[in-house]
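Asker: As you go down the protein sequences, you meet chains A and B in turn.
Letter by letter, the first sequence follows residues 100 to 209 of the numbering used here.
Letter by letter, the second sequence follows residues 18 to 129 of the numbering used here.
A few of these clues could be false.
Taking lysine-lysine and the DSSO-like style, the derived pairs with C-alpha atoms no more than 30 Å apart in a straight line are [claimed, not checked]:
1) Lys74(B) / Lys32(B)
2) Lys74(B) / Lys22(B)
3) Lys169(A) / Lys59(B)
4) Lys152(A) / Lys59(B)
5) Lys59(B) / Lys22(B)
6) Lys156(A) / Lys75(B)
7) Lys88(B) / Lys74(B)
8) Lys22(B) / Lys32(B)
9) Lys110(A) / Lys85(B)
10) Lys59(B) / Lys32(B)
11) Lys85(B) / Lys74(B)
12) Lys156(A) / Lys59(B)
13) Lys156(A) / Lys88(B)
14) Lys75(B) / Lys59(B)
15) Lys32(B) / Lys156(A)
16) Lys169(A) / Lys110(A)
Don't read these hints as lab results, they were simulated from the structure.
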Amino acid sequence: DAGITQSPRHKVTETGTPVTLRCHQTENHRYMYWYRQDPGHGLRLIHYSYGVKDTDKGEVSDGYSVSRSKTEDFLLTLESATSSQTSVYFCAIRGDREAFFGQGTRLTVV
Amino acid sequence: QQQVKQSPQSLIVQKGGISIINCAYENTAFDYFPWYQQFPGKGPALLIAIRPDVSEKKEGRFTISFNKSAKQFSLHIMDSQPGDSATYFCAASGGFARQLTFGSGTQLTVLP
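The following block holds chain B by itself, in its conformation from the complex:
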């Protein structure tokens, strides 16, 4: 049972373009929604996160949009750069141990 569904699986964007990755969740007990960035051979690193009491959070070129009623959230990367080429994972957490449930990942390639 996949509780967090992520799309697309891969994404190719030109430098300067906008990258958009979407996620949907099922468990209404989730109360924290982070995005992680992973480079080859490295562990995932937190990029940006949001709680369900806000609809949008922006940090630099990265924005999370959150739709609680639709149980969906998305990552927007503005002015995408070749250095943004990585795998991106959405996640959700809840419960007393705050364990994360991950989406299946999106491999982003930004062409120079």
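For reference, chain A alone in the conformation it holds in the complex:
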């Protein structure tokens, strides 16, 4: 899977609790992305990073924050989880050419 690992793979959390998802890469790629996948919407970009400490918002960034303190790690945080954030989250990495996706994290907010 192109040296990209997401953790956890599954998580159930309660409304109002903070949640952090981790994306780890071993490819030393510059660009990293967080997407969410929902039926009928395809994959929508939440945040992306173009280097250590360099991040920017995507299409659906409200309620999410990210951090990238090392090239290999990109963290997605839900400060106070809501039921609308129940989704499958994918991390992607990109070097000079194609983007590679992780296996996804299925998050359920109850």
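Starting from the known structure of chain A, fit chain B onto it as the hints suggest.
Answerer: Below, chain B without anything else, positioned relative to chain A:
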């Protein structure tokens, strides 16, 4: 605002038939158009991609047709097989961070 529109939402094809999925985009700054294939429980995987300086690209049974003036592109799967049953996403990218904008996906079922 959906910048990449994909159709149909679902498609059922007989084994050996041709599967055709269409996409249209709005942003003329897009300069890379990939198709991704996704199986249940897996992340999307790149299937084939095209740049706007060519009108067609073929890799095995998979062909992308690209119409720059109409801002449309399509995926053709020839001799469709049951193993091709998956969800297919078109996408487009541009800009300095090369982020991908996805279509809403097509669930393809190939009947044996």
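Asker: Each hint should be assessed against the structure and marked as holding or not.
Answerer: Now for the hints, and whether the structure bears them out:
As the CA atoms of Lys74(B) and Lys32(B) are separated by approximately 23 Å, the hinted pair is consistent with the 30 Å bound. Proposed proximity of Lys74(B) and Lys22(B) is supported: the alpha carbons are some 21 Å apart, at most 30 Å. Pair hint Lys169(A) plus Lys59(B) holds up; C-alpha atoms about 26 Å apart against a cutoff of 30 Å. For the proposed pair Lys152(A) and Lys59(B), the alpha carbon gap of about 29 Å is at most 30 Å, so the pair holds.
Using a Cα cut-off of 30 Å, the hinted pair Lys59(B) and Lys22(B) holds, with the two alpha carbons roughly 23 Å apart. The straight-line distance between the Cα atoms of Lys156(A) and Lys75(B) is roughly 35 Å, outside the 30 Å bound, and the hint therefore fails. At most 30 Å may separate the alpha-carbon atoms for a hinted pair to count; Lys88(B) and Lys74(B) meet this at roughly 16 Å. A threshold of 30 Å between alpha carbons decides the hint, and for Lys22(B) with Lys32(B) the separation of about 27 Å falls inside it, so the pair holds.
Distance hint between Lys110(A) and Lys85(B) is unfulfilled; the C-alpha atoms sit about 43 Å from each other, more than 30 Å. For the hint pairing Lys59(B) with Lys32(B), the CA-to-CA distance comes to about 24 Å; that is within 30 Å, so the pair holds. For the suggested pair Lys85(B) and Lys74(B), the alpha carbons sit about 14 Å apart, so the restraint of at most 30 Å is met. The hinted pair formed by Lys156(A) and Lys59(B) meets the criterion: a straight-line CA distance of about 25 Å does not exceed 30 Å.
In summary, the hint linking Lys156(A) to Lys88(B) is supported, as the alpha carbons are separated by about 26 Å, within the 30 Å threshold. With a C-alpha separation of about 25 Å, the suggested pairing of Lys75(B) with Lys59(B) holds against the 30 Å cut-off. Proposed proximity of Lys32(B) and Lys156(A) is contradicted: the alpha carbons are some 43 Å apart, above 30 Å. Pair hint Lys169(A) plus Lys110(A) holds up; C-alpha atoms about 24 Å apart against a cutoff of 30 Å.
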